[in-house]
Amino acid sequence: MSVERLRTLVGHVVLMLGVAVSLFPFYWMVVMASNTTPDIFSYPPKLLIGSHLFENMGKVLDNVDFFGSMLLTLITAVSVTVLVLFFDSLAAFAFAKYQFPGQKVLFGLLLATFMIPAQLSLVPQFVTLAEFGWIGSLKALIIPGAANAFGIFWMRQYAAGAIPDELISAAKVDGASFFRQYLSVGLPVLRPGLAFLGIFTFINVWNDYLWPLIVMTDPNRLTLQVALDQLNGLYNTDYSMVMAGALMSVIPLIGVFLIGARSFIADLAAGAMKS
Amino acid sequence: MQNRIRQAFPQYAAISPFFILFAIFGAFPVLFSIWISFHSWDGIGPMKWVGLEQYSYLLGDPTFWKAIGNTMIIWVLSTVPMLLLALVIANALHNATRFRTFYRIAYFIPNVTSVVAVTLVFGSIFSNNFGLLNAFLQSIGLGKIEWLTQPWGIKIAIATIVTWRWVGYNAIIYLAGLQAISADVYEAAKMDGASPRQTFWRITVPMLRPVILFTAVTSTIGGLQIFTESRVLFGDTSNIGGPGDAGMTIVSYLYQSAFIKNQFGYGAAIGWALFIVIVLFSIINWRLIGGSDDERLTSRAKRRAERKIAVQKAADVQEKELADVR
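Here the protein sequences come in this chain order: A and B.
Residue numbering for the first sequence follows full-length UniProt numbering, starting at 1 and increasing by one per position.
Residue numbering for the second sequence follows full-length UniProt numbering, starting at 1 and increasing by one per position.
Extracted from the complex, chain B is given alone in its bound form (with noise of 0.2 Å):
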């Protein structure tokens, strides 16, 4: 054993730069965050060691269940219209011969766009009062929207920009779960006489549940890390949640309580519940799409079983009325 692994030395120092780099930039600063997080600290003098209490205030801090909220709020604005955009740009793609390469990168290049720069240009956009939007909704004859104060035109902004963003990230994945779909199957269903609706609903969608389950959960962990766009959009160090804190989100909140108030346990709290909550949507999104194949076998297996226990009542019904009769 020890010769082996004398032996294997080159492959050992080939990997440990990875494991090195993750022990002091990952390992231990997520270690260390929980020590943080029971201190009180300012980053600069001694730590005042305050058990739970950071955690206790969090619970009870309405800042804190605000940035939760709006965070919902914006991820499901987001991802909602993105995916299901997403998955019928790629069902148009997969039948489209002609002009794919066009499509493709005209699809992705919001992707590779740094945030910034489109938080800027969609900030415009949507500017109270005279921005293209608004202008558009007046020529119409509608009215303004004041979409950077409202609560609710706040969210709008934000998601738009992040569904922007990765609409056509997500089609191009989908668009690969598709490419990996043999033509047999839609050559049996159009067999059967399926519809073009009935084949996208029972054989696409099903057979794309893995890589629809890959982007929920990306879409996900990414949709609980906004953070850019809106700290973007309010430029403004004092007032970083916007208007009324409509765009404050959960790594707004980080940010703001450790790097502007240098509240560093606090911030660590922060981190910690953030953690948590991307923990549990992801257990959420794979339950709700994933759902283990073993899980499906059982409850199959169980219908089963009581269809056989239901027969084999009601033959024994049967035997026993003839006894009777008998």
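The following block holds chain A by itself, in its conformation from the complex (with noise of 0.2 Å):
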């Protein structure tokens, strides 16, 4: 054998031992989530998936109103996925494509509110969304994110180099309004770059934990996140169930991430490239 290939071999060693790190806690998620908690107590503990898995599931839901749950996370990740694409890349068109006074001072107003962490006004979010009313209501979840910087960089530098200028100067003469030009020309070349941002949000609004907790006040309207907390602090023997629970809300976030892993992947780390 040459060096080279057994480098090679090496090498997917390495990363197939890599992987089984990386998968291993889904596996014994599903072996915890489909046997009793008895079983996963005792010594030597169960290796292999077992056969209480729906059982388990139904405790679930006997315990916490999950699907209910799982709507409002869905309303939730939908709605802000939909409202941050649609502002995002409006933003970003008119950014990439149109030269406007302030254009420069503006866009750079945006990067600067990169540095600011969230958790720095937490405490005074908190406080404008009481007085706004909106503590327990979905528009507490919903509004604040409705648009943000990341998404507008992001699409800026895509939008920059996907959208050949000829085609707005042809729909200007056509004479096409701004709104148009963006919906006819903009948006069917920003397809792929929407994709990937529509993923990245979907996925962080259904795991976000620290916001939803604070906002959703109303224990019968919690995300699915808390909702996953609350089942494991209220029933903290029942392993078994809490972690059929955890496979319960992993899994349509996978299904999600699956379907446009591959393209997903490689935008990603074009973008971080770019900034």
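Don't take every hint at face value.
Now the in silico label distances, taken between C-beta atoms and shown as ranges [claimed, not checked]:
#1 T237/B with Y43/A: 29 to 35 Å
#2 I5/B with I259/A: 30 to 36 Å
#3 L213/B with I259/A: 29 to 35 Å
#4 G141/B with P38/A: 24 to 30 Å
#5 I284/B with K104/A: 49 to 55 Å
#6 K190/B with V21/A: 29 to 35 Å
#7 Q138/B with P38/A: 33 to 39 Å
#8 F136/B with D62/A: 32 to 38 Å
#9 V21/A with F28/B: 42 to 48 Å
#10 F28/B with D218/A: 54 to 60 Å
It is worth saying that the hints were derived from the structure and are not from the lab.
The beta carbon of each residue, even a glycine, is placed where N, CA and C say it ideally should be.
Quick one: dock chain against chain with the hints and give me the complex.
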């Protein structure tokens, strides 16, 4: 065997070990969710998938309003994603393809907002929303995140290279309004970029924990992550049920990710390189 | 000018949603938080002006310093192995020609999985009495370790969760950086007889520096805001930092002060302390890894100038000696 081939083989062994570490917790989640709690806590522990999965899932549904929470989270994640895609791509289109007074300053200001950590404004944001009477309502989860600097910055980089100026000039000659130009010239070209931003936003909103924990004060209206945490806090002993809940909360998200995984990963890396 | 502004009305309208939302939910709260931090306030009753008292109390508050220390330790325990492992994985991925898509997806999946679910799984793996890790340690003849009670055990558990979630993400970013390095450079190194190890440390790492800086900055900002892991691990509002507050992070302390103890003024002050810590660390990162190009140029120029002066001096001395001889 040549040195070259040996190195390739060693590389694959290292990578496979990493994959095993990367995927093991998911396997372990299924093992725990499909066995009974006494089985999990026995020594030596059970290492294989058991037969109590549906029983444990049933217990989750008995203890928390799982589907209610999932619906709430789904509504939130879809609304935020749609709003972010629209507002961010519209702003990015304007920044990337038009000249207007104050453009540079405004874009610089937008970049400067990156520097502010979210936790700095946690307390006053809560107070502000309480003033609006939004605490406990979906508005508190959706509106503040409806447009963000990251998405505009990322889409602008994308739009600058992807949209040919000639197409916009042609649309202008045809007498198309700005919004018309955005719809007929901008959006079609931006579609791959939107796919990335959409998946990215959806995953982030779905997984968000701290903000929903603070603003969703009604125990009957919790997002999935907070509900999951409650399940853990209330029934500390029934681990297999908690794991069944964790599994149920993770599956839809991994589904969304796998749909667009290949291009998503490529786009994420490209974004990091540009900034 | 006025005409141009009027003409650009659609563009201003297009970018306005972000700026309006930012003004209400970003800029205003930041300014407001300065105001709140000068008060003693439970969020409901009247605000009582206390000036800088919250800040002076903060500086003498042992729990605050403990939270800072914990956060730093967890940050180091997670970031250093995370970025090194990511570099190794990215290098292996770069050389692998088969199964690339599979590897990338497998390495990235931890990052899209929710922190709450992941922490629940790891919490059971690290569990003191019945955890998988302790069962493993026992089976190979080592004793149990009380991971979720010991101060170091707690930090290692949290750092493990963070590392597990973010290694793949950073590896993918390094991989993109590696792919951007031109093959000519490697070819030239090979011609000069460089070993693979030399090539890695002398060419790959320096060329990756901007990407490493990017990952270091983002890991620092993320690492200093760790909250969910310790909150879910100890799932108990009365003891949010875990046994002996060993898992209390800066954000945990902020959350506890503001939203459990209803000390909004103090919570706002902790927010500003966090902001300062993040800015300080970003500057340190920048200096350590980034090092501005100007700086290196000037130091090189300085060295060159010094060498010139030395040569000149030597020449002067020689000339003088010659003159003396004459």
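Tested hints:
no., hint, verdict
1, T237/B with Y43/A: 29 to 35 Å, "holds, 32 Å"
2, I5/B with I259/A: 30 to 36 Å, "violated, 43 Å"
3, L213/B with I259/A: 29 to 35 Å, "holds, 32 Å"
4, G141/B with P38/A: 24 to 30 Å, "holds, 26 Å"
5, I284/B with K104/A: 49 to 55 Å, "violated, 30 Å"
6, K190/B with V21/A: 29 to 35 Å, "holds, 33 Å"
7, Q138/B with P38/A: 33 to 39 Å, "violated, 18 Å"
8, F136/B with D62/A: 32 to 38 Å, "holds, 33 Å"
9, V21/A with F28/B: 42 to 48 Å, "holds, 45 Å"
10, F28/B with D218/A: 54 to 60 Å, "violated, 26 Å"
When the structure is compared with the earlier hints, violations turn up for hints 2, 5, 7, 10 and for no others.
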